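Here is how the chains run, residue by residue.
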Amino acid sequence: MNTAHSTSRWLPWHAIMVFGFLYLPIVTLIVYSFNASGVGGFPPGHLTLDWYRMLFADDAIWESVVNSLIVAFVAMAISLTFGVPVALALDRANFPGKTLFRRLVLLPLILPGIITGLSLLMLFRQADVKLSLVTIVLGHGTALISVATTEVFAGLQKLDRAQEEASLDLGANYWHTFWRITIPNLRLSIIGAALLIFTLSMDEIAVSFFLIGRDNTLPLEIWGRLRRGITPEINAISSIIFVFSLIAIVSWYRLRVGAEKPGIAV
Amino acid sequence: MFSRAYRAAITLPPLLWVVVFLLVPYALLFCYSFWSVSPSQTIVHAWTLDNYRELLRVNVYLQTLFRSMWIAARVMIFSLLLGYPLAYYLSFYAGERKDLLYQLVIIPLWVSYLVRAYAWKTILGSDGVLNTLLQYVHATKHPLEFLLYSPFAVVLTLTHIYTPFAVLPIYASLEHIPRNLVEASHDLGASPLQTFWRVIFPLSIPGMLAGATFAFVLSLGDFLAPLLLGGPSGIMISNIVVSLFGAAYNWPLGAAISLCMLLLVLALLLLSERLEKKWSFR
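Chain order of the listed sequences is C and W. For the first sequence, the numbering used here begins at 1263 and goes up steadily by one. For the second sequence, the numbering used here begins at 315 and goes up steadily by one.
Take every hint as true, because none was put in to throw you off.
The calculated BS3-like cross-link candidates involving lysine-lysine, where the alpha carbons are at most 25 angstroms apart (straight line), are: (1) C:K1420 with W:K412; (2) C:K1360 with C:K1420; (3) W:K592 with C:K1360; (4) W:K591 with C:K1360; (5) C:K1420 with W:K591.
No lab work stands behind these hints: they were computed from the structure. On a predicted model such as this, the values are computed, not experimentally measured, just so you know.
Isolated chain C (complex conformation):
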């Protein structure tokens, strides 16, 4: 009885099955975005671009796309501004309560978004801040510091400190060393973190759900429409976003190829 043989025989089938399960909804989504008779109904019938035409004429959706892009950019800036120093601090400074600080910063990564969202809602309520895109930005920016920190911290672990030491020895001050040596060396981690934060913010819904003012982000706009019923316009906008995400991943992957093995750090 050769177990290795039988194992290597069923494992690929299992893998195919799991990939099928992971991709079935995505494929369905895209196929039915071109289906004339709408979502559902097998087999899909006549090809049409009507849903895309409808989508491009739909101002509310595009307004929400713009809102989401603005939120994602500002949130990305906030998370990096604070997340990169946190990673540096965890790597290079010792202070009382460091473990607690690390846990607190990383908590939103694993905590269900609803808890972070409504905690922030209470803060803004208590401080009499009106809910708007600004509160969403603050929420995303804060929650995603965790992502910036984990990505950059992983990069720092692989960093050679000799260059920084040399720069300091040769008389450059910390500020110059930071911008000329530390940041350029962490370039890949920072770009990776930025892309990840951007995508996560574009898709975020649990925190936004509680902090939304009058202007919708794209996921909340989609959510509002889903509650009213299924429409192939959602398939169309999702397919477009999927294509953009795919371009982002491929370019990120190209950047990283050869640089390091990808892994997950939580």
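The hints should help you fit chain W onto chain C, whose structure is shown.
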């Protein structure tokens, strides 16, 4: 090597931000759970245990919490059953296709969570893709109603979403196993099955724990999949919190439930961290 000023400059600004936007909000959650709402719908800032008494008194809260834990447990188990063999295949058998297949695991994570849940809705509905397919091939005469608006739909969708989260840490821990350990085991006469159970599996436990924790905790707090696909029998604890913060307008009670969830999550994280340490390489 780093001066005191440098260390202060990288520590203090983020510390301040995190205290204002994370620590204070979580502390407020704690405070709210001991406050109450007056009949005229204002928050009464007087300390009381009433919210916690209410939680224990009204059955629906604990019942829903247990149902959510049961849904999360099933999601965790299915994600591991789907994810572990896939990670094992990627790490030990995929050969040249390893990187490509790894990317294929990650790509679904970049598709909006909401959109994937919605896609399942279009597949499972009574005039959805699956039911019309089954009727098209004459497998069934009438649409299967149990597919959508049931705990089944919620478990299926959440499993779909969290399986990649299970695969990634398991794959990472399998990749870290020194291959000469596996070879040594073969050379010493162990069968492939023995090698797997005695060498590979124990060393992959930390990754498995990380993946399991992720799947369990994140599905426990989910409220969109149940709203979209769960129907009345698929309501989860976060849905109750959402309604308490919305139409029902009882923030203090909602805060008490959230705090219980928060403590449950923290306890699980600490437990899994302990276990991970216990099982990791020494």
